[in-house]
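Number of protein chains: 2
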Amino acid sequence: MTIHFKHIAIIGVGLMGSSFALALKKKGFKGRITGIGRNKKNLIKAKRLGIIDNYSTSHAEGIKDADLILLAVPVGQFEAIVGNIRGGIKKGAIVTDVGSVKALIVKKIEPLMPEGVHFVGAHPIAGKECSGISCASADLYRNARCIITPGPNTNKNALKTIIALWKAVGSKTLLMKPEAHDMIYASVSHMPHVAAYALVNGIMKADGKILPYGGRGLRDMTRIALSPPGLWRDICACNKKNILKSLKKFSSSISHVTGLIERSDWDGLEKEFIRAQEARKLLGSD
Amino acid sequence: MTIHFKHIAIIGVGLMGSSFALALKKKGFKGRITGIGRNKKNLIKAKRLGIIDNYSTSHAEGIKDADLILLAVPVGQFEAIVGNIRGGIKKGAIVTDVGSVKALIVKKIEPLMPEGVHFVGAHPIAGKECSGISCASADLYRNARCIITPGPNTNKNALKTIIALWKAVGSKTLLMKPEAHDMIYASVSHMPHVAAYALVNGIMKADGKILPYGGRGLRDMTRIALSPPGLWRDICACNKKNILKSLKKFSSSISHVTGLIERSDWDGLEKEFIRAQEARKLLGSD
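Heads up: the protein sequence lines correspond to chains A and B, in order.
Take any residue in the first sequence, count from 1 to its spot, add 6: that is its number in this note's numbering.
Take any residue in the second sequence, count from 1 to its spot, add 6: that is its number in this note's numbering.
Calculated from the structure, these hints are not laboratory results.
Check before you lean on any hint, since a few could be wrong.
Just so you know, same-sequence chains aren't split out, so a pair can sit in one copy or run between any two.
Unchecked claim - The calculated lysine-lysine pairs, modelled on BS3-like cross-linking and capped at a C-alpha distance of 25 Å, are:
#1 215 x 183
#2 251 x 215
#3 12 x 114
#4 215 x 47
#5 183 x 96
#6 178 x 277
#7 255 x 113
#8 211 x 166
#9 173 x 47
#10 162 x 277
#11 215 x 255
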């Protein structure tokens, strides 16, 4: 597929934004990519590396004439940024995002769109625990699932374009209602991130010096605790109810195994472990 | 270092046992390795692959004339096996293990040693979520930490030999009291395994169909839930008190973040995340 945009503005030149730019260029995108951010040094570096073609530290300036605007900053910043740029968005442009929460974003961002500008929410299930352009990769989105979350007001053509765009960078697209997305990802991503941070803190509470004794299992299990705290704070704030529900299910699951161990119910414990092992196989390994 | 044993008997030809055999052969071990287990098909396969030189489905038979006996079965089986073979162990032989718990093992196995036979406990911090000889690797122990846990009764020469043996297969050896080992590994390995199984079950409880939506973060975090349930049941039974203590610290850490989210204390939550991120850096990434 050819990507027909002439000018793409990426707000937030971090891991997600710059990987998107790299992926577009790898797929032969011939248009112009403007990177927008607050950190000029980072933008200069991104340009020098050929990730973006121009840059601007001004949102209003950077998005001028853009046919596509990608929001790739922490979700907590979306509303203020869109409120700030909305007057300058070109008619016919599409605004999209890579945020990990969707319902609140769609609810807040959609009404801010000027006439003739369409918002389509998206959440590529790709990421790394490291952040910034030094971790960026043209292949980050390849073979990754990308959830696209149209609502009743989503423009059909804009939706088609966004689906085609993510397919072009190699993602497997999947449509989902924003609310369904947030419920599912609270359980399979947001809560596990919170749990990973809590696991590290729980171990540190036991003894501040023992963490380095951990092996590969612990490294794997806590790797996502290296994720940017500000980003995950925003996600928790935007998907609070679902994350709390999911945390409660996890807590009760922890209480359950704790009880089995307390009662020395080893058969019961092994059954729990077998159930988890069987279920985990659904995720595959890599 | 040359490994001076003539005959090594490995009880349990799974991931740990066969990786140990492969590592010895890679390091030029010229003696004979007997694999002992209940599954004859597995033993035949191990011999065909050159992992072991002979095999026996009889413990008593297989350990005859062995200078070194390695226990590489789940820790719950140690006592019965050693009770069974102790009459036939050659004078001067060393019995060692790769078990993930140490205090109870040392306490139970040491008194079973006949005169002139020495037990030295060891716990190589290496493993994979997959089990069996098909996952075995000559490099499993290379650059891995190996905790060796002498007690007051441990024979000094046997200890030296076991240290040299693990160094020979490339491990970084570290001496620790069995009790200290169990306290530390309850927090950095045993509890996280229990938590990983509980995490999978917690997500399944929320909705039995959503697990496959998880991305790399969830795959990493729950990978150890693929570990053999029977093995981890035994570990929980043998290190019950420490694991319960550690589970309680983790639970309270989960309650704490849950409370912060409930109260929408986003600054407090971000601080927790930052604390965890900083601590996690101590573990390194790979």
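Comparing the hints with the structure gives:
no.: 1; hint: 215 x 183; verdict: between (45 Å within a copy, 16 Å between copies)
no.: 2; hint: 251 x 215; verdict: between (33 Å within a copy, 17 Å between copies)
no.: 3; hint: 12 x 114; verdict: neither (27 Å within a copy, 74 Å between copies)
no.: 4; hint: 215 x 47; verdict: neither (36 Å within a copy, 45 Å between copies)
no.: 5; hint: 183 x 96; verdict: neither (27 Å within a copy, 69 Å between copies)
no.: 6; hint: 178 x 277; verdict: neither (35 Å within a copy, 35 Å between copies)
no.: 7; hint: 255 x 113; verdict: neither (27 Å within a copy, 38 Å between copies)
no.: 8; hint: 211 x 166; verdict: neither (50 Å within a copy, 35 Å between copies)
no.: 9; hint: 173 x 47; verdict: neither (32 Å within a copy, 47 Å between copies)
no.: 10; hint: 162 x 277; verdict: neither (48 Å within a copy, 42 Å between copies)
no.: 11; hint: 215 x 255; verdict: between (30 Å within a copy, 15 Å between copies)
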